[in-house]
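Colleague: Please build the complete structure, drawing on both the sequences and the hints.
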Amino acid sequence: MVEITLRVNGAACTGSPEARMTLADFLRDDLNLTGTHLGCEQGACGACTVIVDGRAVRSCLMLAVQAAGSEVTTIEGLAPDGGLGTLQQAMWDSHSFQCGFCTPGMVMQAVAFLSDHPDAGEQQIREALSGNICRCTGYQSIIDGVLLAAERNRKH
Amino acid sequence: MAAIAAERYTGASIKRSEDPRILTGAGRYVDDIKLPGMLHAAFVRSPLAHARVLSVDVSAARALPGVVAALTGAELEAMTVPGPDALMALMGWTGPTPEFTLLATDKVRFAGDPVAVVVAESRYVAEDGCELVEVEYDELPPVTNASFALDPSSPPLFANLGDNIASPHSRSEFGDVTATFANADRVIDFRIGVHRHQNVPMEGRGCVASYDADLGVMTVYAATQSVHVSKIAVAMRLGMEQDKVRVLAGDIGGSFGLKIGASREELAVAAASRALGQPVKWVEDRGENLTTSGQAREESFDVRAAVSNDGDLLGLDVKMVIDTGAYPGMGTMVPAIVEAMLPGPYKLAALGFESTAATTNKASYVAYRGPWASETFMRERVLDLIAKDLGLDPVEIRLRNVAPRTDPPAVMITGRPLAGVTTRESLERIAQLVDFPAFRRRQAEARARGRYLGIGVATFIEEAPGPRPPEGRSGPLSTESMRLRLEEDGVVALFTGQMPHGQSHQTTLAQIAADEFGVPFEQVRVVVGDTDVVPFGLTGGSRSATMAGGVALHGARQLKAKVLDFAAHLMEASARDLQITDGQVWVRGDPASAIGVGEVARRAASGQFGPGVDADLEVVAAFDGGEGGWSGGSHCAIVEVDVETGLVTVERYAVAEDCGALINPAIVDGQIRGGVAQGIGAVLLERSAYDEDGNCQSATFMDYLVPTACDIPRIEIEHLETVALDADVNFRGVGEGGMIVAPPTVVNAIEDALSPFGVRIYEQHLPPARILELIAAVDSQK
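Protein chains in written order, with the numbering used here: chain A, 5 to 160; chain B, 5 to 786.
Derived from the structure by calculation, the hints contain no laboratory data. Hints may be right or wrong, so weigh each one.
Covered by chain A, per the in silico footprint, the following chain B stretches (three or more residues, Cβ under 8 Å) [said to hold, decoys possible]:
1. 183-190
2. 203-213
3. 397-405
4. 505-516
5. 571-577
Okay, the calculated beta carbon distance ranges per label pair [claimed, not checked]:
6. B:A64 / A:C17: 31 to 39 Å
7. A:E75 / B:R451: 50 to 58 Å
8. A:T18 / B:G70: 20 to 28 Å
9. A:T18 / B:L165: 58 to 66 Å
10. A:E75 / B:E720: 42 to 50 Å
11. A:G125 / B:T653: 16 to 24 Å
12. B:E622 / A:E75: 27 to 35 Å
13. B:S176 / A:L151: 47 to 55 Å
14. B:M706 / A:P122: 28 to 36 Å
15. A:E155 / B:R453: 34 to 42 Å
16. A:L151 / B:A183: 54 to 62 Å
17. B:P40 / A:T18: 17 to 25 Å
Glycine included, C-beta positions come from ideal geometry on N, C-alpha and C.
Modeller: As structure tokens, this is what we get:
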């Protein structure tokens with residue numbers, strides 16, 4: 005066990021994961037933040053994407069101990085009080101998702117991307133999300149949700 | 005939540021009620037379940053495709069701190085009941101029935117076959133324990149393809165079968181096959197194959213089983229397309245009374261046919277929980293999902309086509325072989341559906357059909373979105389091959405062969421009436437949407453510059469649910485039930501056996517019931533996923549739109565009638581003069597009389613009306629599909645093939661679809677696009693690959709490639725005006741169609757792109773390397 009301190013969704017927290025425990029398992033099992041999903045544990049599908057110190061990270065490929073001292077944001081911390089942020093709302097309005105399993109990772113990836121690329125066009129968004137697998141939708145509704153969020157962001 | 009203003013919810017793209025939880029991480033999937041004292045299971049799996057198990061030594065695993073149990077196949081066998089696959093039993097399968105156990109005992113039958121299960125305090129420790137289990141094997145020759153499996157010299161996978169035939173050869177003839185072929189201008193032979201590929205839901209299989217020894221009750225939290233089918237499987241294999249088994253399910257991360265009932269691993273986990281008296285969780289990892297959960301297709305067709313010189317497809321004579329993998333289940337039932345659907349919407353006059361199902365040392369065949377889809381692939385490929393021989397346009401040959409819409413309807417040579425089928429209309433619509441002459445000009449210009457564009461068209465129909473047969477529907481899934489209740493808070497609760505895993509039933513069924521009963525959409529609650537409270541049902545086979553949509557409509561109507569009968573006593577009016585709108589019951593013409601439906605329910609529950617008045621505001625409705633009807637459509641793809649790299653780009657994809665009346669257009673379009681994406685993936689990327697020793701070569705997402713956002717184009721969808729067959733329920737299933745027809749659409753386009761090379765394509769999987777091989781093979785013949 006290794007003692008670690010980090011900030012998760014804006015709040016300080018401590019934990020004592022085994023050295024081999026992934027950040028994903030630490031979030032899900034020790035912190036009960038089950039919104040972060042595991043789709044492959046091979047770093048290929050993106051379902052477990054969270055934001056660590058401002059960057060989208062695959063939490064299945066990062067050890068919990070590597071996150072010591074970091075600021076981690078998960079899907080649960082995206083909008084206050086269980087509400088929806090701009091991107092989440094745009095995705096709801098766009099019928100972006102079906103089964104919802106890829107959703108948290110897709111949302112976190114898109115949030116991180118849009119914050120760096122507020123004027124991104126469709127092709128850039130497709131490329132940015134191409135490391136996140138969705139098996140249900142054919143992606144179009146997801147891309148439309150991100151485009152709608154970018155447009156709304158620009159208006160505000 | 006703000007009320008949604010709509011004249012009618014049905015037919016509008018109402019935003020999904022599932023989304024607020026899914027978008028905030030508040031969905032509850034099976035891996036999110038945590039129970040006090042819960043243990044974690046991991047499986048020891050065979051590294052060999054085919055071998056005798058000589059010994060299994062779990063002692064070192066048991067000694068590992070944190071390991072609670074390590075159970076061998078023999079130990080599991082002693083705790084469980086032998087029997088057939090639950091789904092096959094449910095469907096009334098009477099063919100050869102191989103005997104097998106939940107975990108391998110005497111032998112292993114594919115690389116990944118579970119041999120032992122380790123249960124520990126964490127998944128990490130359970131996997132550590134698996135590393136310590138010693139298994140001795142005596143390797144047997146692997147049976148890695150169907151042709152070897154059908155060779156009598158192949159070693160049988162199942163001793164009690166004596167050979168590798170899961171479903172014996174059978175032949176049927178419809179129409180006069182001999183005369184049709186004798187009189188045809190041309191008889192053309194093909195061998196067409198479909199490769200092995202698989203469902204790959206983003207959430208794999210998994211369950212948490214929790215046995216209460218004091219009550220003798222097993223509770224299973226499952227990821228399943230039917231909590232009741234899972235319950236039947238658990239009760240059967242654990243030798244329990246069905247009323248001692250309860251199966252619950254929350255959100256499910258996709259399935260596409262994989263999660264029907266309970267798999268061998270899930271049943272083993274339930275048995276382990278009962279043995280230990282503690283909850284046990286197992287969630288497969290992606291490696292297990294890709295190599296062991298199940299795979300689909302891998303069928304071959306030897307086809308003879310009887311054709312006229314004008315392009316009439318007169319008859320087909322088809323020999324199908326299906327590779328069911330190691331543990332036969334769904335695969336043995338697919339050929340009968342292929343046979344029935346093979347004529348499609350065409351006026352085929354004769355069909356000979358033979359099939360054989362073979363067992364091989366590969367992961368078992370499972371249902372995958374349109375399990376019989378290879379009939380459409382084969383037929384739509386044959387039509388294009390014939391068109392090329394005769395110099396016909398792909399739309400033209402299809403229009404020429406489509407059965408005319410007549411009254412009474414034309415009947416497929418295999419027996420189904422083609423009532424309300426709009427194939428002709430969808431082909432004509434596709435030809436309007438995509439300007440073929442303009443494309444041909446562009447194609448010619450591109451070729452002159454060394455670029456190869458192609459256009460492909462294919463069409464399908466799906467029995468979703470199919471027209472009502474004259475003798476009525478029969479079988480375990482021929483009716484759909486629903487319990488509906490008006491709650492005291494004014495909520496209309498629908499209890500459905502549907503188990504949505506992406507289909508959005510909590511939205512669509514609420515839309516229908518809200519309209520029919522007369523309450524706001526937000527005032528309908530759709531309850532799923534608990535065998536104690538929902539009736540039998542299954543989400544699959546594109547059944548839900550008609551069957552569940554229909555029972556929601558009729559059930560809401562029945563509940564409304566019952567509520568009005570009661571309200572008549574309450575309001576001292578005739579029920580005929582009462583109506584319900586916007587959640588209020590009122591006397592027609594007297595808005596001041598309105599009272600909320602919740603108040604009506606509270607008064608009913610008060611008991612003040614005595615036994616003479618039926619105050620039980622609940623109904624159990626059933627629906628048999630009504631007049632039913634067909635789903636169908638025509639798709640068109642435009643592709644570019646880079647003949648230097650073999651890379652195929654889908655430039656445009658257009659759909660003209662008829663799935664009856666739309667409940668929620670955005671949800672319908674999502675189903676179509678998702679199916680098309682899987683179909684494009686099947687052709688360009690996906691293959692469950694095995695080497696000659698039976699090792700699965702596609703165990704990761706780096707080897708089994710699924711489409712990403714850069715691989716799938718925008719998909720244009722037009723909905724045709726449907727032919728209403730039923731007075732009330734004309735919603736038809738749309739879940740499978742995209743996956744059924746996209747593969748031939750894309751392959752037809754690729755062949756068209758490669759026509760300057762003279763390439764003919766008889767297969768479905770066309771990754772870049774294969775494209776280059778096809779071009780090179782033709783070049784070398786020149």
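Colleague: Work down the list of hints and note, for each, if the structure agrees.
Modeller: For each hint, the structure was consulted:
1. Residues of the stretch 183-190 of chain B with a Cβ under 8 Å from some Cβ of chain A number 0, which does not satisfy the need for three, so the listed coverage is violated.
2. Residue count for the stretch 203-213 of chain B with a Cβ under 8 Å from a Cβ of chain A: 4. That meets the three needed, and the coverage hint holds.
3. Counting residues of the stretch 397-405 of chain B whose C-beta lies closer than 8 Å to any C-beta of chain A gives 0; at least three are required, and the coverage claim is violated.
4. Look at the stretch 505-516 of chain B against chain A: 4 of its residues bring a Cβ nearer than 8 Å to a Cβ of that chain, three or more, so the hint holds.
5. Coverage of a stretch by a chain is defined here by at least three residues with a beta carbon nearer than 8 Å to that chain's beta carbons; for the stretch 571-577 of chain B and chain A the count is 0, and the condition is violated.
6. Between A64 of chain B and C17 of chain A the beta carbon distance is about 37 Å. The supplied range of 31 to 39 Å therefore holds.
7. Distance hint for E75 of chain A and R451 of chain B: a CB-CB separation of about 56 Å, consistent with the stated range 50 to 58 Å.
8. Taking 20 to 28 Å as the suggested C-beta distance range, the pair T18 of chain A and G70 of chain B conforms, at roughly 23 Å.
9. With their beta carbons about 59 Å apart, T18 of chain A and L165 of chain B fall inside the hinted range of 58 to 66 Å.
10. A beta carbon spacing of about 43 Å between E75 of chain A and E720 of chain B agrees with the range 42 to 50 Å that was offered as a hint.
11. The supplied range of 16 to 24 Å is met by G125 of chain A and T653 of chain B, whose beta-carbon atoms lie about 19 Å from each other.
12. The supplied range of 27 to 35 Å is broken by E622 of chain B and E75 of chain A, whose beta-carbon atoms lie about 52 Å from each other.
13. At roughly 52 Å, the beta-carbon separation of S176 of chain B and L151 of chain A lies within the given 47 to 55 Å, and the hint holds.
14. A hinted range of 28 to 36 Å for the beta carbons of M706 of chain B and P122 of chain A is consistent with their spacing of about 32 Å.
15. Taking 34 to 42 Å as the suggested C-beta distance range, the pair E155 of chain A and R453 of chain B conforms, at roughly 37 Å.
16. As the Cβ distance of L151 of chain A to A183 of chain B is approximately 59 Å, the hint placing it in 54 to 62 Å holds.
17. In this structure the hint that P40 of chain B and T18 of chain A lie 17 to 25 Å apart at CB holds, the actual value being about 24 Å.
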